[in-house]
Amino acid sequence: MSTLALALVALALSAPAVLLLCRDDPKRRRAAGQGGGATRRARSLLVGWACAPALGCIALGNSAAFMLWLGGAALLGWLAAGSFARPAR
1 MSTLALALVA
11 LALSAPAVLL
21 LCRDDPKRRR
31 AAGQGGGATR
41 RARSLLVGWA
51 CAPALGCIAL
61 GNSAAFMLWL
71 GGAALLGWLA
81 AGSFARPAR
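As numbered in full-length UniProt numbering, residues 1 to 89 make up the sequence shown, in order.
Treat the hints with caution; some may be incorrect.
Quick list of the computed label-pair ranges, beta carbon to beta carbon [to be verified]: (1) Met1 x Ala31: 39 to 49 Å; (2) Trp49 x Leu75: 28 to 38 Å; (3) Arg23 x Leu70: 17 to 27 Å; (4) Arg29 x Ser63: 30 to 40 Å; (5) Arg30 x Ala64: 31 to 41 Å.
By construction, these hints were calculated from the structure, which means they are not laboratory data. No residue lacks a Cβ here, since even glycine has one placed at the ideal position from N, Cα and C.
Turn these sequences into a full structure, and let the hints guide you.
So, in structure tokens, the structure goes:
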């Protein structure tokens, strides 16, 4: 498997967890006037799920795929945070 393909697969596996972390963030939900949010345990499990594909890149010894995943995950996090932001008034 090529480096780019491995990084994209790893990012695709991390994306749902990142989106769930953003959607269920308790602080963001309180600021929006919504109740609830994910518990600490649920957030910890989601972080583990989001980071697990990176461990696969490391286990395969593909540092370039890991670095591509790292940049893609950061970008995905910023995009998710921006998409869940309240519009300015």
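Looking back at the hints listed earlier, which ones does the structure fail to meet?
-> 2
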